[in-house]
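**Student:** Here's the letter readout for the chains.
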Amino acid sequence: NAGVTQTPKFQVLKTGQSMTLQCAQDMNHNSMYWYRQDPGMGLRLIYYSASEGTTDKGEVPNGYNVSRLNKREFSLRLESAAPSQTSVYFCASSAVFNEKLFFGSGTQLSVL
Amino acid sequence: RKEVEQDPGPFNVPEGATVAFNCTYSNSASQSFFWYRQDCRKEPKLLMSVYSSGNEDGRFTAQLNRASQYISLLIRDSKLSDSATYLCAVNSGYQKVTFGTGTKLQVIP
Chain A
817 NAGVTQTPKF
827 QVLKTGQSMT
837 LQCAQDMNHN
847 SMYWYRQDPG
857 MGLRLIYYSA
867 SEGTTDKGEV
877 PNGYNVSRLN
887 KREFSLRLES
897 AAPSQTSVYF
907 CASSAVFNEK
917 LFFGSGTQLS
927 VL
Chain B
162 RKEVEQDPGP
172 FNVPEGATVA
182 FNCTYSNSAS
192 QSFFWYRQDC
202 RKEPKLLMSV
212 YSSGNEDGRF
222 TAQLNRASQY
232 ISLLIRDSKL
242 SDSATYLCAV
252 NSGYQKVTFG
262 TGTKLQVIP
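Going down the list, the sequences are from chains A and B.
Counting in the working numbering, the first sequence runs from 817 upward without gaps.
Counting in the working numbering, the second sequence runs from 162 upward without gaps.
Bear in mind the hints are in silico, worked out from the structure with no lab data behind them.
There may be inaccurate statements among the hints.
Okay, the calculated bits of chain B under chain A, using three or more residues with CB under 8 Å as the criterion [stated by the list, open to error]:
#1 181–190
#2 216–225
Here's a subset of chain A near chain B, in silico, CB distances under 8 Å, partners left out [as the list claims (entries may be wrong)]:
#3 M857
#4 G858
#5 L859
#6 P877
#7 Y880
#8 A911
#9 N914
#10 E915
#11 K916
#12 L917
#13 F918
#14 F919
#15 G920
#16 S921
Distance condition first, Cα-Cα at most 27 Å in a straight line; then the derived BS3-like pairs of lysine-lysine [to be verified]:
#17 B/K257 - A/K916
#18 A/K825 - B/K265
#19 A/K825 - B/K163
#20 B/K265 - A/K830
#21 A/K830 - A/K887
Don't be surprised by glycine CBs; every beta carbon is placed ideally from N, CA and C.
Okay, chain A solo, but in the shape it has when bound (with noise of 0.2 Å):
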């Protein structure tokens, strides 16, 4: 059982530069998110789809944008790529909105 599966797992960047981080689910969960997991701020909320055609921003869009592709997909982009951004971005998905999340093994980004 894969469960959610998101790539890369590693990426480098040089500030300006965009790239989009993957995310896929088997569970067949209705809502999925992304997470930014930092030193001493715990995980915050980026952007998140409670449901298959629908994405809404969490505490800290800024920077980033979504698409809810299908159900089992839901990708994160950063257009312009910035040293604030480096961080470790975790995919989660939930059969109940905000209930039980089951998280991806996380991509490690750094930007330069």
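Could you slot chain B onto chain A? The hints should help.
**Tutor:** Positioned in the frame of chain A, the structure of chain B alone reads:
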């Protein structure tokens, strides 16, 4: 006051000991509560959910105290494999789940 607060630790306990962590929350309207376990450089994994007074799963017990606005996680008979960071998460409604910054547990042989 932070929405969700946890003592960062570390809590260093010997094998076999009982250890408890607390997590306080500020929004009295919060409806559901979760404990996640996160190993170093890994993703958080759901450990327990709490919707009413408490929940028990083997050596783990989670309790909710609405009057004082905290949840606790009790681990009995600690194992070396319990060493991890424990995150609490609070669903406050308002389309929001807030995570604490985690409590680090180190179980010592």
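**Student:** Do the alpha carbons of A/K830 and A/K887 lie within 27 Å of each other, as the hint requires?
**Tutor:** Violated: A/K830 and A/K887 sit about 32 Å apart, past 27 Å.
**Student:** Any CB of chain B closer than 8 Å to the CB of A/P877?
**Tutor:** violated (13 Å)
**Student:** Would you settle whether the hint for A/E915 is holds or violated, based on the nearest Cβ-Cβ distance to chain B being less than 8 Å?
**Tutor:** holds (6 Å)
**Student:** Can the hint on A/A911 be confirmed by a CB-to-CB distance to chain B that is less than 8 Å?
**Tutor:** violated (12 Å)
**Student:** How about the segment 216–225 of chain B: do at least three of its residues have a C-beta closer than 8 Å to a C-beta of chain A?
**Tutor:** Contact hint for the segment 216–225 of chain B vs chain A: violated, 0 residues under 8 Å.
**Student:** Given A/Y880 as an interface hint, is the shortest Cβ-Cβ distance to chain B below 8 Å?
**Tutor:** violated (18 Å)
**Student:** Against chain B, run the beta carbon of A/N914 and see if the smallest gap drops under 8 Å.
**Tutor:** holds (5 Å)
**Student:** May I ask you to test the interface hint for A/M857 with respect to chain B, counting a Cβ-Cβ separation under 8 Å as satisfied?
**Tutor:** holds (7 Å)
**Student:** Does the structure keep B/K257 and A/K916 at a Cα separation of 27 Å or less?
**Tutor:** holds (13 Å)
**Student:** Would the hint on A/L859 be counted as holding, given a Cβ-Cβ threshold of 8 Å to chain B?
**Tutor:** holds (4 Å)
**Student:** Regarding the pair B/K265 and A/K830, is the alpha-carbon distance no greater than 27 Å?
**Tutor:** violated (33 Å)
**Student:** Are A/S921 and chain B close enough, Cβ to Cβ, to be under 8 Å, as the hint says?
**Tutor:** At about 5 Å, which falls below the 8 Å cut-off, the nearest Cβ of chain B leaves the hint on A/S921 intact, so it holds.
Violated hints for the displayed structure, listed by number in ascending order: 1, 2, 6, 7, 8, 19, 20 and 21.
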